[in-house]
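Trainee: Okay, here's what each chain looks like letter by letter:
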Amino acid sequence: MTDIAIDAVSYRYRRNAEALHDVSFGAPSGAILGLLGSNGAGKTTLLQCCAGLRAPDSGRVRIGGADSGSRALIVSGVIGYVAEGVRLPAERTLGQLERWLAPLHRRWDTYLATSLRERFGLDASCRLATLSRGEYMKASLLCALAAQPRVLLMDEPFTGIDALSKDEILRAMVASAAANGTTVMIASHDIAEIESALSHTAILTAGRLRVAGALEQLRERYRRVTMVGDEDVLAAFAREQAWLEIERAGRIVSIVADGERTPFDHGMLHRRFDGADSITVEDLSLRDLFASVVRSARTAPSRAEAA
Amino acid sequence: MSWWSQVRHVFTRDLRRTWMALGIYALMLCVAVARAVEWPPMMRDATVAVGVLVVLCAAIVVAVAVLADHPMRADAFWAIQPLHASAVATSKLVYVLLLLLLCGLAMLVTLSSWNLQPLDLGRANIGVFPVFALLLLGVAMVAAVCMDVTRVGVVVVAAIGIAFLIDMRLRESTAGTYWALALLLLLGSTVLFVQRYRDRRSSRMARGIVLGTGMVAMVFPVFAARIGPGDANDGSVPRHTLDEVALSLPVMAMPTCENGRLIVPLGVVAPLGWRIGLMKPSLDVTLDDGATVSLSAPGWMQLAGSQGPMLPTVRDRANVKVIGGDGDHSAQQIQIAFVVPAADSARTCGRIARLAMRLWVTTTTGTEVLRVPLQGQARAVAPGFRARVTAATLDDATVAITARVSMLSNEFAGQRHDLAALDFALLNHERGEMVRLSSPRSDAESSVSELPGLRHMASTLDLEPYISRMARLSGLQSWRDSAVLIVTLPVERGRGWRQVEAVVSR
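Quick note, the sequences are listed as chains A and B, same order.
For what it's worth, the numbering used here labels the leading residue of the first sequence as 59, then goes sequentially.
For what it's worth, the numbering used here labels the leading residue of the second sequence as 32, then goes sequentially.
If we strip away everything but chain B, and leave its shape as in the complex, we get (with noise of 0.2 Å):
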């Protein structure tokens, strides 16, 4: 018998010794992707931690394939058949692929519900597999080291504690993943997969090592997604240029020391809705003796710009006039304390006579991702997100709209962003006037993993108008056969250093 029919002959073998564990891993997938796709109805409101169980079956589903023909245990079956033993390791690599291709068409059916084009499920599966790959290898190997299941699940849940550990302690780090590193372990635990059965006598270091690399192959999923080259903050390298012209950061007025800080109070001047962060502010303060002292403000800060939901470009009508808003532009004061060391504080407050601040602005402004009618329960689907109207009430000055909406990670957005990240407006396209929305209560929220390395979001919001103090609506019942609800993704517009410098006189 060749090589490859030996594969073929314990592949086949162990899918009929595990089809009935292969059959319940199908059944979660079914669900999984009955639960992310919300069909029927009633599974979106499942507490099941499907993705939990959809790994976990398949955790258990590789261990109880490798542990049949185990490469150490002396009473292994194979081991006394005329099997070449890279052919059995070979069979239970390929076992796991399968395992692999049977969550990557689960993945392809919940990611056509989002409308999405083939490159993005390459880009999404290119994301996901080598993680998800990697976590069942470990197991393998896990289970190619102990002697039965019962060790194997032990390793697998002190593995899941690591990993628990590890996603507590950089929750808030930067996200990313090293695919170098994803592939080189993948390649690496596979090797040593295939040695472990063809060297059945291994020495304890060795072990160790499979072991090892086990254990870190499971835990690296959480490891990568939190550690890895993310959204860089350093600023070294902007990806676009920030908008000299739109955005104005005068200062307001005479700075002023107080308990050895100098608070500056500057003005943010953008276009409305968009949304200004400033960063890193450093202040360089000229005195009227020409002397200079260098001052920075204690750790970064991030402010709002511009108050309320952010206003979609809309794609269709270049002006659309905001009713109820507060015209054009929004305006903001802020104060940025500087600290003052103890020796330049008698020399500095009083005698400033020229200040020159440097900040790192980044820009952020709403594109439309979605216009969801309002009409009939309708529902829209755009790569990537989904919505839909399930109740909206519109009398002569009253807006109420709930809509439940569901997005995926930021595989597809190209940036980092959650649900609460969106936001609403509803759009008259006849008489040309947006009203923006806002959902007070934001509970709903859930962040979904199905399916292993997708993860989507999804909510049941409350929407209603945000108007500014003096501004009233009216007219509104004429707006519910034209009005369309429109969904907006912040999207950052550019990002650099600003440098702001004003003459003190007195």
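Pulled out of the complex, with its shape left as it was, chain A reads as follows (with noise of 0.2 Å):
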């Protein structure tokens, strides 16, 4: 079952580009997809549009098969929202913002956020305006976490934080979403990090998807292709194998290969190129992958004009 499905959305800021345009991706139920993008693709007004904080100019985001719009699925619980930015009462300790949200929130399990709140090193007399910045967004997460959503928004939530502070909010997270089905998007640029967590990722360059699936489909599907030979044969190997990005240094040849435009069996290629002195094939990191798909992003209008 879909539960978050997000069908051509479009959304432009006053007097700015097109924050997002046609965007349409969908994740299942239990799944944690990462939502990856450089600085200024879309990510956030994404997440704020999936939230129902932002309504699209066109398209629809369906939340669990509900319409999220007009925070309609915040406002019902379905959705919990977790971003770099929020702001906590600073004024309350992590104790009163706990005892304020358990009567708002129907699910909310107040033995999840004792035992987060144990995990994470919290202490629930402190005030939050004296947490550190991975305190804050510890103390943000067990407030989502702790209301039992179905489906976890979470924007940027590593930013400034230590490797240990991720990791135990990365394993907090993952837990939780295994223990009550969550579903979670999760809009970060620390890659590497989330990476062995993720199930399902989505990439966006300038407000276009340009890459969305599961993360092992999507390592099936491109792979780096390395090969040396002669100027001819490599010549008609680029021109040949459909490719997101390529490198060339003399006699080596190394491309992204998409595999569902032409297949990259090592098989076959050694056969189609066989003047080639050596072809290899290698699994693609998520970080590799994304770093190729935006540099493909950025370098496709001028390749378009070479055309």
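Some clues are possibly wrong.
Here are the simulated distance ranges between beta carbons [what the hints assert, rightly or not]:
(1) B/I193 - A/T172: 52 to 62 Å
(2) B/A237 - A/D346: 14 to 24 Å
(3) B/V180 - A/R72: 48 to 58 Å
(4) A/D65 - B/I193: 45 to 55 Å
(5) B/R235 - A/D65: 26 to 36 Å
(6) A/A187 - B/T433: 55 to 65 Å
Derived contacts from chain B toward chain A, CB cut-off under 10 Å, selection only [to be verified]:
(7) S36
(8) A110
(9) P113
Listing some non-contacts, in silico: residues in chain B with all C-beta distances to chain A over 12 Å [claimed, not checked]:
(10) V41
(11) V83
(12) R104
(13) H115
(14) V140
(15) F160
(16) L196
(17) E289
(18) L318
(19) V353
(20) A384
(21) V412
(22) V535
Hints are computed from structural coordinates only; laboratory data are not their basis.
All values reported here derive from a predicted model rather than from experimental measurement.
For every residue, glycine included, the Cβ atom is placed at its ideal position computed from N, Cα and C.
Each of the two chains sits in its own frame; use the hints to bring them together as a complex.
Mentor: Written out as structure tokens, the structure is:
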């Protein structure tokens, strides 16, 4: 069942360029989806559209089959939202905040809140204003997870947080998602850290969706193929094989190949380009895939012009 | 959680969150009440503008409460919690209501010190609360558009500046309040404020409308108090008919021409203590050949028909002898100069056969509002008035009284007055005698607004007898034990057009 369904969403800020253009993808129930993109790609805007904090200019977002417009799903407790910039009431203590939130959320789990607090090493009597950045984010996550939302949206939760804290937050998030079947959409620049937790990913550049899908499928689809050979073989390879990115240095050419458009089975490549001295096919890390997608998107206009 | 529970939930959290600011506000109100009731006595000499501080404190508290759950900020915590936007907005309005109620409580205590009846309290509160509510709602709306307290401060200061300019410009205008407009503005502001929470993404124009309405709401109290329909002087609807018998306006002598003006000497004869206002004089002159020329006086004029302090209409004795006065009636002669057009000048002057003058006349008499015994620092309170004799010296022929007097503004008197309009007299009830008192120094007068919309005036006055040049006072020593100080408020007795006709004989 699809928990998050984003269908042709576009959003434009006043007097600014289009923040989102015709973005469509989805995530099944229980998925942990990494929303990746460089700065200004539209990740935050998309998350806010999902939360109903912004209404898309066109298209729609459905969470658990219901329209997310006008905070309706936040009000009903379906969506939990954690964002780097959200200001917790600074003059309250964490314990006071928990007590204030508990009656608001139908599925608030006091036991879970206590255990998360202990796990994060937070003090209930400590005023929120005195918390460090990492502790602040942990407190935000605690508030979101203890409410047990069906869908948890997280916007840059790891900015400025040390590695250990990141690990704790990520573990807590994964454990909670596993226990409650929570679907998580997380926007982050810390690709390496979150990669192990993700089941799905979507990559945005300049408000447009470039790649989306299950991580395993994407790893199957995109691989790095490196070929060493003579000029004519390399030229044929670059011409015939679909690629996202290409790098060439002397007798070596390296591409991020798109296996969906032109398959890159190792044996088949050897048969087709038998003049090549060597052909190697490697798996891509999510970080490499992201970098290739972003660079590919940036060079796409110049490639189009050259063509 | 139900909608109402959410309102209560957010409201109680706001209370806990801002208890210190609320405490300061309550303290300010206490100081304001202490200043208004002049207890302890040292409070009356405090020079702190408590009224301004009360308003500023309330404005800051409201701004802080709204900014804590900002309707537009992307980082607002409430927005990511299962809270209805309208419940959050309503809780803020309830918060504003709490500030109003606290102020109302302070006002109740203050007004009680002026011995006001529940009806008067109601009248005063009806007048005050929409205005104060508008002011606070205006601040809330500005806070709902501005992103931080600094910007709110800038806009509020700008609004105060505009209010000050309007106040300066309209200072002389008739006072009153457009209640219908105030309530409409209140309703509109409330709807816009709630809508701000519901519609978190809005256009620049919508923000401009909210900001503009907020500023108007803040400026409105001054604006309304200055331009509203108050006492109209156009004479279209007389309150009372003019007393035709007691007032006499004879033409005293032949009119004379001088530098293009026709000067008519008019006598004003009225019972002692009456105050006469003559306005908008116009003159129809009939010449000896039967032709008529219409003339008017430049501008309008208001004249005192009777000199000195106004005599009170003493409630428990029909005939009181005024000692040191001029008799039963006062007479005064005035000259009204009418402009004669240059074309009519030659044929008008010297050929006048008949005059028909039309004047708008108002008569005012003194109504006793308060009497204070002279002995033992006595004090007395009447609805809207308070007086205390702080010192009294009565020698054989000398009277010197120092009195502390305070009065509320026009909401209770029915007419617009200030402390300077009050008159004083000393009544010896046993002997049936009265001495009019005047205050040679009025520099001690102060007009104070301790609580929003509730203005009162307080002054310490040195009173001495007002007697004619020929009169002498004696035997006042015996007055000490039986005399009372009577405070008199001028009340309009009648108004209307008055026709004065005269035949000129040569």
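Trainee: Please go over all the hints and tell whether each is borne out by the structure.
Mentor: Now the hints, each set against the structure:
1. B/I193 - A/T172: 52 to 62 Å: holds, 54 Å
2. B/A237 - A/D346: 14 to 24 Å: Given a distance of about 46 Å, which is not inside 14 to 24 Å, the answer is violated.
3. B/V180 - A/R72: 48 to 58 Å: violated, 25 Å
4. A/D65 - B/I193: 45 to 55 Å: With a Cβ separation near 49 Å, A/D65 and B/I193 satisfy 45 to 55 Å, so the hint holds.
5. B/R235 - A/D65: 26 to 36 Å: holds, 29 Å
6. A/A187 - B/T433: 55 to 65 Å: With Cβ atoms ~56 Å apart, the hint holds.
7. S36: Holds, about 8 Å.
8. A110: holds, 6 Å
9. P113: holds, 5 Å
10. V41: violated, 9 Å
11. V83: Non-interface label on B/V83 holds, nearest chain A Cβ at 27 Å vs cutoff 12 Å.
12. R104: violated, 8 Å
13. H115: violated, 6 Å
14. V140: holds, 32 Å
15. F160: At about 30 Å from chain A, B/F160 clears the 12 Å cut-off, so the statement holds.
16. L196: Label holds. Min Cβ-Cβ 33 Å, cutoff 12 Å.
17. E289: holds, 72 Å
18. L318: holds, 77 Å
19. V353: holds, 69 Å
20. A384: Holds, since 80 Å exceeds 12 Å.
21. V412: holds, 45 Å
22. V535: holds, 80 Å
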